[in-house]
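These are the residues of each chain, in order.
Protein chains: 2
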Amino acid sequence: MGQLDTSRVVSCELCMQDGGILVLRTDKLRIIRAEDFDHPAFYRVIWNDHVSEWTDLASPDRALMMAVVEIVERVLREQLEPDKINLASLGNVVPHLHWHVIARFDWDARWPSPVWAPVHRLVTHAAGKLATTLSQLDLQVAQAVTAKLANGLN
Amino acid sequence: MGQLDTSRVVSCELCMQDGGILVLRTDKLRIIRAEDFDHPAFYRVIWNDHVSEWTDLASPDRALMMAVVEIVERVLREQLEPDKINLASLGNVVPHLHWHVIARFDWDARWPSPVWAPVHRLVTHAAGKLATTLSQLDLQVAQAVTAKLANGLN
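Protein chains in written order, with my numbering: chain V, 323 to 476; chain G, 323 to 476.
Since the hints were made in silico from the structure, they are not lab data.
Among the clues, some could well be false.
The list makes no distinction among identical chains, and a pair is therefore deemed to hold if it is satisfied within one copy or across any two copies.
As the list claims (entries may be wrong) - In the EDC-like style, the derived pairs of lysine to aspartate or glutamate whose C-alpha atoms are separated by at most 20 Å in a straight line are:
id, residue 1, residue 2
1, Lys406, Glu335
2, Lys406, Asp371
3, Lys406, Asp460
4, Lys470, Glu335
5, Lys470, Asp378
Using the sequences provided together with the hints, build the complete structure.
Here you go:
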C-alpha cells in the first residue's frame, strides 16, 4: 500500500483519470489532448492536485500553469496558424482546475461561436484540414513545454 | 484634432466603445460589467489597445492583466460565494483581447453549461438572487483593483 494521497477526490474524473490523450505529465500538472473530432487541436492543461478555482492556486503555481498554457498557445499558433485561440477555465461540471487551449478555425463546426455552443455546420475529418498531424502536434507541444520548464519560467 | 491613435481599429467595437458598464479604467486596461440578465455578475477585463491573442501581449502586460482578472475573481468569490468562477479569453467574434470573469450559480439559466450554451431554465430577476447589489459589486471590484495596482503587483 502506498501513502494516502489526500490530493485526490475519488468522485472526480480528473483525479482518477488522465482526462484525454496524455501529451506530457510533470509533478504538478499534465497536458492532454481532448478527442474532439469537431475541434481536433483541443488541449487541456490540468493541475494534478484537486483544486477548484484559479485563485485557489498559490501564486508561483499560477505562474507555472499559465506559462504552460502560453506555450501550448504558442505552439498551436506557430504550427497551425489558427483564426483564433480560445482559452478557458470553467469547470462547472468537473470542478478540478483545467485550462482549455483550443485552436479555432473559420471553417470549424461552431465558428465563430465558442465550442460549447450548438454546431453551425457539419465538418467531416476536421483533423485532416490541419497543417500538421495530431501526433506531430502533440510532440511539438511536449517538446516546447519540456524545453520551457528546463530553462526556468523566465 | 488629437494625435493619431494607431492602437485603435475603427471596425472593432472594443476599440470604439467601452463594451459595457465601465467599472474602472487604467492607462492599459479597463473593467466593464456586461449587462447579461441571465448571468448578472459577468465582468470583462479588456486590454485598451487592439491586441488579438493572449501571447501577443508582452510578458509584463500579461502579468498585469492576469493580476486584474484574479482580483475580479477574488471579489466575486468573497462577495457572492458562487458555485464556480468561469474565466475565458475567446474573441472569435471580437478579436480584441478581453477576459470574461463570470460568477456562476447552480440556479442560473445555463448551469452547469458554459454561458454560451443554450438556456436550461428560465430565471427571472437573477440579479436579485445575488448577495449584494450590482452597483455595490462594481464598487468592490473597482476598489480592490485600485488597491492592488497602488500596492504593485507583488
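Structure-based check of each hint:
With identical chains, the CA atoms of Lys406 and Glu335 are at most 20 Å apart between copies only, with a shortest distance of 17 Å across copies and 29 Å within one. Taking the shortest Cα distances, Lys406 and Asp371 sit within 20 Å of each other only across copies (18 Å), while inside one copy they are farther apart (30 Å). Taking the closest pair of Cα atoms, Lys406 and Asp460 come within 20 Å of each other only inside a single copy of the chain (19 Å); across copies the shortest separation is 30 Å, beyond that limit. For a Cα distance limit of 20 Å, the shortest separation of Lys470 from Glu335 qualifies neither inside one copy, at 28 Å, nor across copies, at 36 Å.
Taking the closest pair of Cα atoms, Lys470 and Asp378 come within 20 Å of each other only across two copies (18 Å); inside a single copy the shortest separation is 24 Å, beyond that limit.
The structure is inconsistent with hint 4 alone, although it conforms to all the rest.
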